[in-house]
Amino acid sequence: MEWLRRAACVGEDPELFFPVGTAGPAVRDIAAAKQVCARCPVRPECLEWALGTGQTSGVWGGTCEQERDALLRTGTDHARRRSTV
1 MEWLRRAACV GEDPELFFPV GTAGPAVRDI AAAKQVCARC PVRPECLEWA LGTGQTSGVW
61 GGTCEQERDA LLRTGTDHAR RRSTV
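Residues 1 to 85, numbered by full-length UniProt numbering, are exactly what the sequence shown covers, in order.
By construction, these hints were calculated from the structure, which means they are not laboratory data.
Don't be surprised by glycine CBs; every beta carbon is placed ideally from N, CA and C.
Hints should not be assumed to be uniformly reliable.
[What the hints assert, rightly or not] Derived DEER-like restraints, expressed as beta-carbon distance ranges: (1) 27 to 2: 28 to 38 Å; (2) 25 to 2: 32 to 42 Å; (3) 53 to 10: 13 to 23 Å; (4) 51 to 8: 16 to 26 Å; (5) 24 to 1: 25 to 35 Å; (6) 54 to 20: 18 to 28 Å; (7) 53 to 22: 20 to 30 Å.
Generate coordinates for the entire structure from the input sequences, incorporating the hints supplied.
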């Protein structure tokens, strides 16, 4: 994870990236974390790591848990369709 040293989130409050809940302050924290990710030079590496290691909580690579779940489902569905062709 050498890329982590260059991440925009270094020095940010880690709690920002791991909000508790899905409403109110948590929604604001997720949006703020995604703003940090938007300017991050290693966002693709972060997202790849999160998907590859099954990170189920927090904001990683500019995505929340639900977005990563959707990416994994889409990837699985795509791979399944390719294998049946």
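Each hint, compared with the structure:
The supplied range of 28 to 38 Å is met by residue 27 and residue 2, whose beta-carbon atoms lie about 32 Å from each other. Between residue 25 and residue 2 the beta carbons are some 33 Å apart, a value that agrees with the proposed interval 32 to 42 Å. For residue 53 and residue 10, the Cβ-Cβ distance of about 19 Å falls inside the hinted range of 13 to 23 Å, so the restraint holds. Distance hint check for residue 51 and residue 8: the Cβ-Cβ separation is about 19 Å, which falls inside the suggested range of 16 to 26 Å.
The hint said 25 to 35 Å for the Cβ distance between residue 24 and residue 1, and at roughly 32 Å that hint holds. Look at residue 54 against residue 20: about 20 Å separates their beta carbons, and that is inside 18 to 28 Å. In this structure the supplied range 20 to 30 Å holds for residue 53 paired with residue 22, their Cβ-Cβ distance being about 22 Å.
Violated hints: none; the structure is consistent with every hint.
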